[in-house]
Every structure is written in structure tokens, then in C-alpha cells.
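There are 4 protein chains.
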Amino acid sequence: MDSYTPNNPEYADVVRASFARQAMMETMGATLHRVAPGEVTIHSTNPACAGQQQGLAHAGLTFSIGDSAAGYAALTLLPAGFEVVTSEMKIHLLAPGKGDRLVAHGRVVRPGRRLVVAEADVFAETGESRVLIAKLMGTMVPVPVES
Amino acid sequence: MDSYTPNNPEYADVVRASFARQAMMETMGATLHRVAPGEVTIHSTNPACAGQQQGLAHAGLTFSIGDSAAGYAALTLLPAGFEVVTSEMKIHLLAPGKGDRLVAHGRVVRPGRRLVVAEADVFAETGESRVLIAKLMGTMVPVPVES
Amino acid sequence: MDSYTPNNPEYADVVRASFARQAMMETMGATLHRVAPGEVTIHSTNPACAGQQQGLAHAGLTFSIGDSAAGYAALTLLPAGFEVVTSEMKIHLLAPGKGDRLVAHGRVVRPGRRLVVAEADVFAETGESRVLIAKLMGTMVPVPVES
Amino acid sequence: MDSYTPNNPEYADVVRASFARQAMMETMGATLHRVAPGEVTIHSTNPACAGQQQGLAHAGLTFSIGDSAAGYAALTLLPAGFEVVTSEMKIHLLAPGKGDRLVAHGRVVRPGRRLVVAEADVFAETGESRVLIAKLMGTMVPVPVES
Numbered sequence: 027m028d029s030y031t032p033n034n035p036e037y038a039d040v041v042r043a044s045f046a047r048q049a050m051m052e053t054m055g056a057t058l059h060r061v062a063p064g065e066v067t068i069h070s071t072n073p074a075c076a077g078q079q080q081g082l083a084h085a086g087l088t089f090s091i092g093d094s095a096a097g098y099a100a101l102t103l104l105p106a107g108f109e110v111v112t113s114e115m116k117i118h119l120l121a122p123g124k125g126d127r128l129v130a131h132g133r134v135v136r137p138g139r140r141l142v143v144a145e146a147d148v149f150a151e152t153g154e155s156r157v158l159i160a161k162l163m164g165t166m167v168p169v170p171v172e173s
Numbered sequence: 027m028d029s030y031t032p033n034n035p036e037y038a039d040v041v042r043a044s045f046a047r048q049a050m051m052e053t054m055g056a057t058l059h060r061v062a063p064g065e066v067t068i069h070s071t072n073p074a075c076a077g078q079q080q081g082l083a084h085a086g087l088t089f090s091i092g093d094s095a096a097g098y099a100a101l102t103l104l105p106a107g108f109e110v111v112t113s114e115m116k117i118h119l120l121a122p123g124k125g126d127r128l129v130a131h132g133r134v135v136r137p138g139r140r141l142v143v144a145e146a147d148v149f150a151e152t153g154e155s156r157v158l159i160a161k162l163m164g165t166m167v168p169v170p171v172e173s
Numbered sequence: 027m028d029s030y031t032p033n034n035p036e037y038a039d040v041v042r043a044s045f046a047r048q049a050m051m052e053t054m055g056a057t058l059h060r061v062a063p064g065e066v067t068i069h070s071t072n073p074a075c076a077g078q079q080q081g082l083a084h085a086g087l088t089f090s091i092g093d094s095a096a097g098y099a100a101l102t103l104l105p106a107g108f109e110v111v112t113s114e115m116k117i118h119l120l121a122p123g124k125g126d127r128l129v130a131h132g133r134v135v136r137p138g139r140r141l142v143v144a145e146a147d148v149f150a151e152t153g154e155s156r157v158l159i160a161k162l163m164g165t166m167v168p169v170p171v172e173s
Numbered sequence: 027m028d029s030y031t032p033n034n035p036e037y038a039d040v041v042r043a044s045f046a047r048q049a050m051m052e053t054m055g056a057t058l059h060r061v062a063p064g065e066v067t068i069h070s071t072n073p074a075c076a077g078q079q080q081g082l083a084h085a086g087l088t089f090s091i092g093d094s095a096a097g098y099a100a101l102t103l104l105p106a107g108f109e110v111v112t113s114e115m116k117i118h119l120l121a122p123g124k125g126d127r128l129v130a131h132g133r134v135v136r137p138g139r140r141l142v143v144a145e146a147d148v149f150a151e152t153g154e155s156r157v158l159i160a161k162l163m164g165t166m167v168p169v170p171v172e173s
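Protein chains in written order, with my numbering: chain A, 27 to 173; chain B, 27 to 173; chain C, 27 to 173; chain D, 27 to 173.
Since the hints were derived computationally from the structure, they do not count as laboratory data. Every residue, glycine too, gets a C-beta built ideally from N, C-alpha and C. It cannot be assumed that every hint is accurate.
Stated by the list, open to error - Output of the computed footprint for chain D on chain C, the stretches with three or more beta carbons under 8 Å from beta carbons of chain D:
id, segment
1, 42–48
2, 70–77
3, 101–109
4, 135–141
Claimed, not checked - Pair ranges (Cβ atoms, derived):
id, chain 1, residue 1, chain 2, residue 2, range
5, D, Asp-126, C, Pro-122, 30 to 40 Å
6, C, Ser-29, B, His-59, 27 to 37 Å
7, C, Ala-62, B, Ala-43, 26 to 36 Å
8, A, Gly-153, D, Val-171, 42 to 52 Å
9, D, Glu-151, A, Glu-36, 43 to 53 Å
10, C, Arg-139, A, Ser-29, 26 to 36 Å
11, C, Leu-158, A, Gln-80, 29 to 39 Å
12, C, Leu-158, A, Glu-52, 15 to 25 Å
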């Protein structure tokens with residue numbers, strides 16, 4: 027994996043402040059963990075309120091934390107004054123979303139000023155067990171923050 | 027659009043029973059509307075608990091109702107004793123998720139026993155205004171219900 | 027479908043000149059047909075040189091004409107002095123590429139200055155028969171022509 | 027990356043025989059290199075006949091070798107008597123297809139009897155230089171060989 031140099035030394039604060047304003051992340055039982063240049067990790071408690079018909083994680087939960095991990099990975103590399111929106115995203119669901127914790131690792135594949143390509147892997151963890159349940163890849167678009 | 031003949035005359039009951047078991051749909055403020063062969067419509071109140079950092083619908087909300095509409099559209103065409111899981115799904119986010127109501131129309135593109143290709147359009151509605159905010163397309167896999 | 031107003035009155039000439047420079051289109055037996063604002067149709071003779079192991083159209087042929095139809099549909103709406111490159115593209119292959127002629131209809135889903143979302147349907151035609159063999163959707167990026 | 031055990035000890039011969047029947051691969055200047063369980067590498071001479079309007083590799087060439095590398099990676103893990111077809115594929119084009127040689131590395135992400143998820147990276151090489159120009163991820167479906 028490439029290493030990246032952030033354009034904004036305050037990148038981690040920018041990510042944390044944006045994450046804190048997302049009601050969806052709280053609803054999904056999600057918290058922000060590692061925030062590094064081009065990489066972000068989000069954990070979720072896999073809450074019952076985000077279950078599907080069998081009580082497993084709904085694809086929408088897996089997507090939400092994977093997409094957010096990829097998007098915030100992109101945000102770590104942007105200049106000050108920008109945020110990021112998802113333009114398009116693909117998700118492959120590889121195994122049932124069953125576990126005590128879901129962990130999404132997002133990382134930048136190709137940085138850019140007009141668009142950023144980013145991906146994420148989502149794992150379900152229970153005790154020592156860890157299963158890859160989804161892979162995402164998509165396009166993030168930097169947009170100036172409206173103030 | 028093609029018209030489809032359901033394999034299970036009880037298809038609407040199957041869809042409604044499955045939908046009622048999805049905690050995620052309740053959390054997303056979502057209710058099931060039209061259920062027809064190869065087509066399903068889901069409405070969401072666009073609840074604050076599923077907002078992103080600007081208070082608009084999070085991509086995960088738009089994905090959740092679009093994916094569910096596409097998946098239930100697939101389920102309408104399956105024989106009795108099956109349910110459906112998303113294998114992969116793509117979403118293009120075309121406009122901000124801003125409105126009193128989000129409406130997801132799912133429909134089957136190509137039915138099949140091993141996999142079903144389905145798509146969904148998601149609209150944001152406020153009063154008489156209606157904006158296309160997302161398009162989804164993906165692959166659903168029929169799986170036997172475990173009893 | 028929306029109707030679009032071109033930004034460059036010479037859009038059709040721009041598309042035809044670009045298409046004529048693509049060796050790949052000639053190799054794929056492809057010719058440009060309808061060129062309208064936001065819409066382009068490409069035909070291919072489904073040549074033997076682009077077959078797969080069973081002699082049907084290779085996915086790469088179907089992709090090539092579908093992607094080009096979507097890309098040129100985007101180009102019809104751009105100002106003078108721009109061309110377009112594919113940033114990402116998804117394809118669903120729905121039926122075998124078997125027929126005397128392949129026809130790709132591309133159209134713009136959402137125009138934009140920074141990126142254009144476009145899609146394409148590809149049909150296989152033999153005599154009066156016409157089968158949808160693929161659907162594509164993706165992101166095109168306008169770039170200034172280097173002169 | 028996971029390691030995989032092939033179901034057919036003759037897997038490499040199966041892949042090589044199928045590849046040899048693909049006219050498209052010859053047209054794309056493509057040859058088969060590494061064939062290992064769950065992994066396949068294809069090289070292309072980046073031929074002029076597959077160029078776009080600027081003489082670089084057409085997206086259809088990059089797609090063709092990436093898709094084939096992913097598909098043949100899937101085929102290495104199937105039992106005797108099967109071949110594989112692409113159901114859906116996404117490609118991100120990351121850099122211009124400019125170089126003396128294009129190299130596509132395909133690998134299986136998740137094996138399966140009904141569907142196989144596979145991905146590919148495509149590089150452009152010139153002398154010692156090597157640039158990642160595309161990433162693909164998609165769904166392959168095993169189908170019995172018709173004899």
C-alpha cells in the first residue's frame with residue numbers, strides 16, 4: 027500500500043468533528059478508531075436496531091460503516107475547507123453479518139483533487155474470530171465546506 | 027419494462043412478513059407500499075437518526091431502502107420457501123437526500139433461479155417536488171428459508 | 027427520460043471525429059449511428075476476432091461498445107474543447123452475446139461539469155429478434171483537449 | 027491473501043485450453059502467464075488496434091484482460107467439467123493505459139459453487155516503470171461445459 031502525506035495537518039480533527047455530526051453513525055452503534063493519512067477504521071456494535079429479517083447485520087449497516095470508512099479515508103488527504111461526498115460505491119457482501127463487532131477499514135486507492143477512489147473491507151469479529159464480510163470500492167468527490 | 031408472473035401466489039404475504047422482521051427498516055422510518063410481481067416500493071420518513079454531517083439523508087439510508095426495494099422485488103418472483111440475500115450492489119448518489127419523504131422503487135431486470143439482477147431508483151419528495159437522488163443495480167441470490 | 031440542451035452546437039462533429047480516431051472501435055466492427063444530445067448509439071458486426079471461448083461476443087466487446095456509447099453520450103453535452111474519459115464503469119452481462127449485430131444505446135443519467143453519470147443498454151440482434159445482453163452504468167470525467 | 031486448494035488437478039490445462047480458444051485474447055495481444063490456484067496473470071502487448079482516440083489503451087482493452095484474469099482465477103478453483111462466465115464486473119480506471127506492456131493480475135476473493143467473487147489489478151509497464159492503471163472486482167458464475 028502507498029503511504030500518503032496529508033494536505034491538512036489538522037486532518038484527524040476534521041474527520042473526528044465530521045463523524046461526530048453524523049447521527050447515522052450513532053444509530054449504527056459506530057465509533058471512529060484509527061485515523062491516519064489515507065486510512066480510517068470504524069467499529070460498530072452491530073446493534074439490533076440495524077438487523078435484517080434473520081437478526082444479522084442488514085446490508086445497509088455494513089454499507090454505512092464501509093462507505094463512511096472509505097469516505098473519511100479520502101477526507102484525511104484533502105486540504106482544509108473541504109468535505110467529501112460519495113458519488114458511487116459498490117459493495118460485495120461475502121459472509122453473514124454475524125458477530126459482536128463489525129470493523130470497517132477504509133483506505134485511499136488513488137487520491138485526487140476532483141475525485142478520490144477509495145475502498146473498504148468490513149470484518150465481523152467475535153472473540154478471537156474475524157471474518158471478512160464485505161468489500162467496497164467507490165468514488166468520493168471533494169466539495170468545499172459551506173460556511 | 028417486462029411483466030412477470032409470480033411463482034408463488036402468496037408472494038405479497040411473503041414480502042410483507044419478511045419486511046416486518048427487519049429492524050433496520052423500522053429504524054430507517056421505512057414502510058412497504060406497492061408489492062407487485064417484480065416490483066416493490068418502499069417509503070421512508072427520512073428520519074433524523076439516519077442523517078449525515080449536514081442533516082441530509084446518509085448514503086446508508088438511501089442504500090438501505092434502495093437495496094431492500096430491489097431485494098424484495100426479486101423475492102416477489104421466487105418460489106415458496108425462499109428468501110433472498112444481496113450478493114453485490116452498486117449505488118450512484120445523484121442529488122442530496124433532502125426531503126420530507128424518500129421513495130425507493132425496486133424492480134427486477136433479469137429473473138433467475140441462481141441469481142436475480144435487480145435495480146432501484148430512489149427519489150426525495152417534498153410536497154409536489156420529486157428529485158431522483160440515487161440509482162442502484164445489483165445481484166440478489168435466492169436461498170432456501172431455514173426452518 | 028430527460029431532454030438535454032447541448033453546450034456545443036458542433037457536438038455531433040466532435041463525437042464523430044473522436045470516434046473515427048479510436049482504433050478499438052474499428053477492431054470491434056463498430057460504427058457510430060444516432061448522435062443526439064445526451065444519447066449515442068453504436069452498432070457492432072460482432073466480429074469473430076472479438077469472440078470468447080465459445081465464439082460468442084467476449085465481455086470485452088460488449089463492454090467496449092457499451093462504455094463508448096455511454097462516454098460519447100456524455101461528450102454530446104460538454105462545452106467545446108473537452109473530451110471525456112471513463113473513471114469507472116459497471117457492467118451486468120444478462121444474456122449470451124450471440125447475434126448478427128450488437129447495438130449499444132448510451133444515455134446521460136446526470137450531466138455535470140466535474141463528472142457525468144451515464145448508462146448504456148446493449149442488445150444482440152438477429153433478423154427481427156432483439157435481446158438485451160448487458161446493462162452498464164458509470165462515471166465519465168470531462169478533461170480539456172490537449173492541443 | 028488466502029491460499030486455495032484446486033478441485034481439479036488439471037486446472038492449469040483447463041485454463042490454458044480455454045484461453046487458447048478466445049479470439050479476443052489474441053486480438054488484444056494477450057498471453058497467459060502465471061496460472062496458480064486462485065490466481066492468474068495475463069500480459070498484453072498493448073496493441074495499436076486496441077487504442078482509443080489518443081492512442082492509449084482503450085478502456086475495453088484494459089477491461090478485457092482484467093476481466094479475463096479475474097475469470098480464469100475463478101476457473102482454477104472449479105471442479106472438472108465447468109467453465110465460468112462473468113455475471114457482473116466493475117472497473118476503476120486509475121491512470122492512462124500507456125506503456126509497452128499491460129499486465130493483469132486476477133485473484134479470487136471468495137470461492138463458491140454458485141458464484142465466485144474475483145478481482146484484478148492492471149498495470150502498465152515500460153522498462154522498469156510500473157503503474158497501476160485499473161482495479162476490477164466482480165462476480166463469476168460457474169456453468170457446466172456443454173459437450
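query: Which hints, by number, does the structure contradict?
result: 3, 4, 7, 9, 12
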